[in-house]
Amino acid sequence: MDILAPRRGLRRGPARTALLPVRWRRALGAGCAALALTSAVFLLRPSAPPSVDVVVAARDLTARSPLGPGDTEVRAIPRSALPDGALDADTRLDGTALRGPLNRGEIITSARVADPPARGYGDGLVAAPVRIADSGYVSLLRPGSRVDVLAARGDPLGTGPGGPGPPAESVVTDRPVLAIPSEGSVDEPGALLLVAVTPGEAALLAARSATDRLSVTIRG
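Quick note: the sequence shown, position 139, residue 138 per numbering that gives the first Met the number 0, numbers continuous.
Take these hints with a grain of salt, some might be off.
Pairwise CB distance ranges (calculated) [to be verified]:
id	residue 1	residue 2	range
1	V73	S169	41 to 47 Å
2	S169	R118	53 to 59 Å
3	A178	R98	17 to 23 Å
4	G219	T108	18 to 24 Å
5	R218	L81	41 to 47 Å
6	I76	D114	19 to 25 Å
7	D173	P82	37 to 43 Å
8	A75	S169	48 to 54 Å
9	S169	P198	15 to 21 Å
10	A96	P166	36 to 42 Å
11	D52	D147	43 to 49 Å
12	D173	R118	17 to 23 Å
13	D147	R78	48 to 54 Å
14	P142	G99	25 to 31 Å
Think of the hints as simulated: they come from the structure by calculation, not from any bench.
Note that CB positions come from ideal geometry on N, CA and C, so glycine has one too.
Work out the full structure: start from the sequences and follow the hints.
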């Protein structure tokens, strides 16, 4: 019995030593399989679709007041979902009016924004009505004509008791005609023009039209 004991010990030693590389190989193989599976998942996962930045309503908006700070925000959407006429992220909308209400998150398109009639003639210009005394004069005008608006006080023919009034004064100069809406009526003689002017000039025209006779001279 004593002679067999050492022999058993000699047989067990090599068996235990041989098991260690096998275990490591199994662990390494399992790790490689997991890495391969993870790589395959990333390769098979579809890439994110291309996106584009658009302007959306930051809150529920109405058409009763112009847009101001905090009314809009920029949001990224898939390019495939981009609607026609969507405004670019760098579009300036402060002071712009809407054609109708917008819900929060709704993409703002050019069709939802009211285009000021004077925008095409320069930043800061507004459309101002000018009623001139001579309705026949509008036949010489067309949209795009550039005019000077003059204001005269008193009777230009001098038939009144005070005689002829002072010479006409220039109110605005070299401004484009936007439209000729009408030729007036019995209650409102003369003809109405729509002219692109600055806000200050629009206020001056409104004040002078209440007291003076307005006329225009054509520049081109």
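Comparing the hints with the structure gives:
1. V73 with S169: 41 to 47 Å: 45 Å, holds
2. S169 with R118: 53 to 59 Å: Given a distance of about 25 Å, which is not inside 53 to 59 Å, the answer is violated.
3. A178 with R98: 17 to 23 Å: Holds, since A178 and R98 (Cβ atoms, about 19 Å apart) stay within the stated range.
4. G219 with T108: 18 to 24 Å: Violated: the Cβ-Cβ distance is about 36 Å, outside 18 to 24 Å.
5. R218 with L81: 41 to 47 Å: 43 Å, holds
6. I76 with D114: 19 to 25 Å: 24 Å, holds
7. D173 with P82: 37 to 43 Å: At roughly 40 Å between Cβ atoms, P82 and D173 fall inside 37 to 43 Å, so the hint holds.
8. A75 with S169: 48 to 54 Å: 52 Å, holds
9. S169 with P198: 15 to 21 Å: 18 Å, holds
10. A96 with P166: 36 to 42 Å: 40 Å, holds
11. D52 with D147: 43 to 49 Å: At 44 Å between Cβs, range holds.
12. D173 with R118: 17 to 23 Å: Because 18 Å falls inside the window, the suggested range holds.
13. D147 with R78: 48 to 54 Å: Once the Cβ atoms are compared, 50 Å apart, the range 48 to 54 Å for R78 and D147 holds.
14. P142 with G99: 25 to 31 Å: Distance hint for P142, G99 holds at roughly 27 Å.
Comparing the model with each numbered hint stated earlier shows that hints 2 and 4 do not hold.
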